[in-house]
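With these hints in hand, go ahead and build the complete structure from the sequences.
Top to bottom, those sequences are chains A and B.
Mapping of the first sequence onto the UniProt record's numbering: position 310 corresponds to residue 310, and the numbering continues sequentially without gaps.
Mapping of the second sequence onto the UniProt record's numbering: position 432 corresponds to residue 432, and the numbering continues sequentially without gaps.
Treat the hints with care, since some could be wrong.
[Unchecked claim] These stretches of chain B come out as covered by chain A in the derived footprint (C-beta under 8 Å, 3 or more residues):
id, stretch
1, 47-58
2, 159-168
[What the hints assert, rightly or not] With a cut-off of at most 20 Å between alpha-carbon atoms, the simulated DMTMM-like pairs for lysine to aspartate or glutamate come out as follows:
id, chain 1, residue 1, chain 2, residue 2
3, B, K252, B, E336
4, B, K39, B, D62
5, A, K49, A, D23
6, B, K80, A, E140
7, A, K321, B, D62
8, B, K36, A, E326
9, A, K270, B, D77
10, A, K467, A, D177
11, B, K404, B, D238
12, B, K239, B, E340
13, A, K270, B, D84
14, B, K36, A, E330
15, B, K207, B, D182
16, B, K39, A, E326
17, A, K274, B, D84
18, B, K38, A, E326
19, B, K69, B, E93
Hints were generated in silico from the structure; no laboratory data involved.
In this text the structure is predicted, and so the values were computed from the model without any measurement.
Here a beta-carbon is modelled for each residue, glycine too, at the ideal position from N, C-alpha and C.
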Amino acid sequence: MKQAMVHSVNLNLKYGSNTVLKDLNWQIFPGQHWVIGGPSGTGKTSLAKALAGVNHFQGAISFHYQPENPHHLLYVSNWYQFTNLEGDRNFYYQQRYNKSQVKETLSVYAELQHYADTENLLFSDAEAHLKAFGFENFKEAQLFELSSGEHKKLQLIKALWLKPQLLIIDQPYTGLDAQSRSYLNTAFDQLAAQGTTLVLLASDQDLPSCIQHFAEIKDGKLVERASAQAFSKAPQRTKKSLPYFLQQAPLVASEIMVRMKDVSINYGAKQVLKNINWEVKAGEKWLLQGHNGSGKSTLLSLINADHPQAYANDITLFGNKRGSGESIWEIKAHLGIISPEMHWYFDPTAKVWQCIASGFFDSVGLFQNLGYERQQKVNQILDFFELTAYKDQLLNTLPLGKQRLALLARTIIKNPELLILDEPCQGLDLEQTTHFNAVVDELCGYGKTLIYVGHFETQLPSCIEKKLILENGAVIANETIFESVI
Amino acid sequence: MANYFNTLPLREKLNQLGVAEFMDITQFGDGVNALKGKKIVIVGCGAQGLNQGLNLRDSGLDVSYALRKEAIEQKRDSWKNATDNNFTVGTYEELIPAADLVINLTPDKQHTSVINAVMPLMKQDATLSYSHGFNIVEEGMQIRKDITVIMVAPKCPGSEVRAEYVRGFGVPTLIAVHPENDPQGKGLAEAKAYCVGTGGHRAGVLKSSFVAEVKSDLMGEQTILCGLLQTGSILSFDKMVEKGIDAGYASKLVQYGVEVITEALKQGGVTAMMDRLSNVAKIKAFNVAEELKQIMRPLFQKHQDDIMSGEFSATMMADWANDDKNLLTWRAATGETAFEKTAAGDVKIGEQEYFDNALFMVAYIKAGVELAFETMVEAGIKPESAYYESLHETPLIANTIARKKLFEMNRVISDTAEYGCYLFDHACKPLLADFMTTVETDIIGKNYNDGKDGAVDNQELIAVNEAIRTHQVEQVGAVLRKAMTAMKAIKTA
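Written out as structure tokens, the structure reads:
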């Protein structure tokens, strides 16, 4: 029998009093491709980080690599943090929309060139991946100008390009559109054929065909399963009714919530949005779709009053024309938003309850006293989302799925007129997504207006009735859906 | 132009130095109303200019940018910053005459020429705002009597001013009205509205005066903020290398150590910084700091005296007139120090290790913060002003050293601060020469606790803790920090 590439013996890992890994044993043989699945919060990421040497653990892991390939192990985390040229991470939410002539980060092209130099790779080997992931137009873009989906793709491109002996990817599919997912699976199969051993941490069903091993972590130990369908499901949630204050229809300031007339956004010669005309009326439930980089986030940043170029366009929000003396805080008071970017930049010192409470003030972190009534609402919403046990933990120490629920709670706590949910289920498993969307449907039953961004047609709230599709910054479809999108 | 401060009678000097009123959010109930519908024209579009303008516009105010003709014609960065963000940009002649509020956010050195160009164009009864009072106080610029002169000075870099605003908070801000130029008594209302527009009202506002701001700002930036960190970094590094500590390790310990150590200072004052040490180490650091304070006190007093008398600004302005000869020579010399030229080693240093292995740095920062604060207060500056210009800004400057060492610090700070920094550094190093011969690696480079059993005398520890905690900088700091607890932590690399 071949020698194991990875031999892990009695791995133990605790966070405080919480046992994550308990005497876990695992051998990975060359050419054995694994998916680690199962519910969120079972310790998948902790295990991957232990293998990658970025987590402390007790126990022993030994590695045996082939001498001919110098690239041994690459770990791609589910959240990617880039740094500026000086190596620190002082970026802030929505910074990419404020233009300043200081070059803070490398351009995409320079970053790839640098990677090629340090890892001794040929640039030409990356071209096919760049093309497939639609990166040709981004070569001169600054890293921090990329959306979260584009960052994810850049990490994947590097991984495919490097062809390491062992490739561990945490949630490879999050934030990717259907086309990119399908390309990625083909590329994984090619990589496997060329000698890379794959370990994917994913709760998805649509996997590359080279995967033959399925496992999940149960009670701190690794348990093999027959297929991705056999992964454990999260325990059934007890059906709870919405807190009373979310069962009231919000007051609507204007029947037309959003009106955009010939809206265009340019960065130098690059046009990100082209002549957008769009109206969102009170009570409508919209789906916003488009490939990564098609302009969805930029469009939403105009509604959320985060984009400086809104002042040069004809946009009316909640009855007021932009640039007529309104403050962005007056606009934000009407809406609740959740986005991968907001999550990314969320205050790392915020506890779960503070994160939720900050939704009353539309701030990224809590800076004001709540008072009794608001505190009661926070408690009720914590209970509704089954987050009470986590309320005093730092948001960013929770499993991803729970972090998203906390951010959804933050978004809805003030019972806003308009809900903007930008890929709210990125990183969630199927169960969590279904639960999340059911909550959205229920909320929308009480007179809310919705703009929902989602990639996969099977995982959407059923209340959606209208659809706007963007391609390269232009609207290619603006239609009413008569039948259910499922 | 005569030094404004020196023209005042003593009673008025003391009167203006003593303005320091801490204002909390409840005093800003009128929001931006005093500026609503008024034309705001910002002169200059660098980091402060752009980011303050973005915030003011997002608060519902009417903002445009006046730039010099050449900057527009040559499409310089300031022009691009403003136009890329869809602001109206025009020449002084085009925009200033209609302005109700002109905000001068150009570098200090250009103030005289900018004001001379702008003032004749300003309409009757308009308002002129500064973010630093050097031009008014030290250069003695006289502003037309119908014009109201205010100051709004966010105590953070421009990018932070924006970052805190978009997350729904703000940065601590200092506001002032120049008593010689408040003909209609509207200055304070407009300064408050401007402050609300940038988000500063949420993080604690200090009402100061032009005089108090300048005299404390110059003192703070020369001594504790820049000079002291520069001297301390170089002395620590050289000592470690002299005693055989690996140069890469020494470089990293100093470069990132100042940031990690002052992060504790930022969150909980000198007390929190000292509490990061073990009891034995804390007592040692306390004693080292006492010794350092004794040695350095005359130097701090000389700096404060020269600032008060105008001697400092006169010398510096003479260097400006001499094409910055001294400044440029000193800048080049700093770039050549061994600390500057030794890259941080590829070694992992744990957060606690930055305290345990750099006891000298902790003691040195404590000595500097307390000395700067004490010297300012003795000179008639109020404790609140002295706190902002000593302890509050130290972590912000340390952050620039962590980014790219002293060269970066001196690039980011104003030329005025840089000039004062070199003056201090060159006087301080010889002053500490004898003391440095007594320093061993137990207090810089290695863990002070190694080989000790940790035992301390109860009475001694109690006395040391008491002395640290009851210092005036700690008492005033506790109140001011409460208003800005939500400030984002500086992230460490």
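Going through the hints against the structure:
1. Coverage of the stretch 47-58 of chain B by chain A holds [criterion: at least 3 residues with CB-CB distance below 8 Å; count 6].
2. For a cut-off of 8 Å, the count of residues in the stretch 159-168 of chain B with a CB near a CB of chain A stands at 6, and the three-residue condition holds.
3. For the proposed pair K252 of chain B and E336 of chain B, the alpha carbon gap of about 17 Å is at most 20 Å, so the pair holds.
4. With a CA separation close to 6 Å, the supplied pair K39 of chain B and D62 of chain B stays within the 20 Å bound.
5. The straight-line distance between the Cα atoms of K49 of chain A and D23 of chain A is roughly 16 Å, inside the 20 Å bound, and the hint therefore holds.
6. For the suggested pair K80 of chain B and E140 of chain A, the alpha carbons sit about 18 Å apart, so the restraint of at most 20 Å is met.
7. Taken as a hint, the K321 of chain A and D62 of chain B pair is honoured in the structure, with Cα atoms around 14 Å apart against an allowance of 20 Å.
8. Taking the CA atoms of K36 of chain B and E326 of chain A, the gap is near 10 Å; set against the 20 Å cutoff, the hint holds.
9. Between K270 of chain A and D77 of chain B the CA atoms are separated by roughly 19 Å; this keeps the pair inside 20 Å, and the hint holds.
10. The hinted pair formed by K467 of chain A and D177 of chain A meets the criterion: a straight-line CA distance of about 16 Å does not exceed 20 Å.
11. For the hint linking K404 of chain B to D238 of chain B, the alpha-carbon distance of about 18 Å falls within 20 Å, and the restraint holds.
12. Pair hint K239 of chain B plus E340 of chain B holds up; C-alpha atoms about 14 Å apart against a cutoff of 20 Å.
13. In summary, the hint linking K270 of chain A to D84 of chain B is supported, as the alpha carbons are separated by about 12 Å, within the 20 Å threshold.
14. Straight-line distance between C-alpha atoms of K36 of chain B and E330 of chain A comes to about 15 Å, which keeps the hinted pair within the 20 Å bound.
15. For the suggested pair K207 of chain B and D182 of chain B, the alpha carbons sit about 15 Å apart, so the restraint of at most 20 Å is met.
16. Distance check on the hinted pair: K39 of chain B and E326 of chain A sit about 15 Å apart at the alpha-carbon level, within 20 Å; holds.
17. A distance of roughly 17 Å separates the Cα atoms of K274 of chain A and D84 of chain B; the hinted pair therefore holds under the 20 Å criterion.
18. Between K38 of chain B and E326 of chain A the CA atoms are separated by roughly 14 Å; this keeps the pair inside 20 Å, and the hint holds.
19. For the proposed pair K69 of chain B and E93 of chain B, the alpha carbon gap of about 9 Å is at most 20 Å, so the pair holds.
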